[in-house]
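S.K.: What follows is each chain in one-letter form.
There are 2 protein chains.
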Amino acid sequence: MSNPGKIYLIPTPIGDTAVYDCTPEYNKNIISSLDYFIVENIRSARRFLSKAGVGKPIDSLEFAELNEHTDKATIGNIIAPVIAGRDAGIISEAGVPAVADPGADIVAIAHRNGIEVIPLVGPSSIILAVMASGMNGQSFAFNGYLPVKQPERGRRIQFYEQRAVKERQSQVFIEAPYRNAKLFDDFLTFCNKNTLLSISADILQPDQYIKTKKISEWKNEKPAINKRPAIFILGSAEN
Amino acid sequence: MSNPGKIYLIPTPIGDTAVYDCTPEYNKNIISSLDYFIVENIRSARRFLSKAGVGKPIDSLEFAELNEHTDKATIGNIIAPVIAGRDAGIISEAGVPAVADPGADIVAIAHRNGIEVIPLVGPSSIILAVMASGMNGQSFAFNGYLPVKQPERGRRIQFYEQRAVKERQSQVFIEAPYRNAKLFDDFLTFCNKNTLLSISADILQPDQYIKTKKISEWKNEKPAINKRPAIFILGSAEN
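Chains as they are written, first to last, in the numbering used here: chain B, 9 to 247; chain Z, 9 to 247.
Since the hints were made in silico from the structure, they are not lab data.
Which copy is meant is left open, so a pair is good if it fits within one copy or across any two.
Below 30 Å or equal to it, Euclidean Cα-Cα: the simulated DSS-like pairs (lysine-lysine) are: (1) Lys-14 <-> Lys-201; (2) Lys-222 <-> Lys-14; (3) Lys-36 <-> Lys-59; (4) Lys-201 <-> Lys-157; (5) Lys-201 <-> Lys-235; (6) Lys-36 <-> Lys-64; (7) Lys-201 <-> Lys-80; (8) Lys-80 <-> Lys-222; (9) Lys-174 <-> Lys-157; (10) Lys-174 <-> Lys-190; (11) Lys-235 <-> Lys-14; (12) Lys-201 <-> Lys-221; (13) Lys-157 <-> Lys-221; (14) Lys-190 <-> Lys-201; (15) Lys-227 <-> Lys-157; (16) Lys-230 <-> Lys-174.
Modelling step: build the complete structure from the supplied sequences, incorporating the hints.
M.R.: Following this line, the structure appears as structure tokens:
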């Protein structure tokens, strides 16, 4: 039986950043060696690979789509070529794959099948926002999305605010961009006045907006962040 | 009064990786424009800047050292040039600055003084390990170091294991490399047999070792990770 292939985790740009302005050119060597890609969206992946300059016709490459709509029963088919010896790249919609996307399921199966997993460097909005927040980075948690509806939303905001203060653990959230203004208002409604809120919008873009202020200070300034990709972080003012 | 300068968060390589194999060449433009650097260790920073090819004599650059030994009262002096209009770069020992290092304090003061903070892309062991773990990345927490002594160590391991399982939140830890073998043994002692443990050692290096297995499976294989930089992640087997 042949050795299994390897799985490479291939980051893509966030926003409109040029590929090699936010990933190392080293990644191009790896990407160019692959002809099988497991992707969240085939059209986006093809566009990325064109921009990445892989030096072969995109139509000669093979793609398997894996996203939230994919029937989990087909995951076995998607990884079968790798088990049989073919290398593969995993590509998500933006930023680093296999963190908050279905790529993690492929990586989990890879480990169970003795397939080597090799992560590559690229832009992670989560880490860039934590870096730029000035909040305690000795301990931080990424929590994904808050509940959409009340009263769960307000309760969860206060739950995480408590954790941020008691454990000195910064709490990181994402939101659908068209709901950013609403989330901002909810933080002001449900958080204590001295809690720190850091907002990072359009990270790496020319119009990047990153500010950290107390809730009481945010009440004087409504940031223009609606419909812009953003990361929100709650933290304790005591470090 | 002049406008304040900007603060750029400048990642450095992890392990022995070449600078532009793990950071985008775009960063070189920014680094080359700066002549004031706030750094964890001046010698390491000078070595990095030489390798980064900044196109000016390293001796012409100005450095301020900020690390765990720095008297916090001097932080004001360190940031004063930026408030007065000079741009600065923050450089930590390895990887991305201002996450788990004193650079975060400078960033916090920057926000309070209306100084723009611009994070740049580079290698983060934390994110690379989460990507490659195959664990649930919808929610993960970086907890830094576990307590060194018992009984606190075992209690905290079980506390975070509970959190990983109940909240489906992967729990990420670092350790001093010479204590890795001891930490591995402690996970096997204190965790339940079905808990997942992911170990990533020497990330991005040719001898990179990344595996995710259940505690019960790790009992059959002691990984050769002592004295190698590593990230440990506990997670729930249920996604």
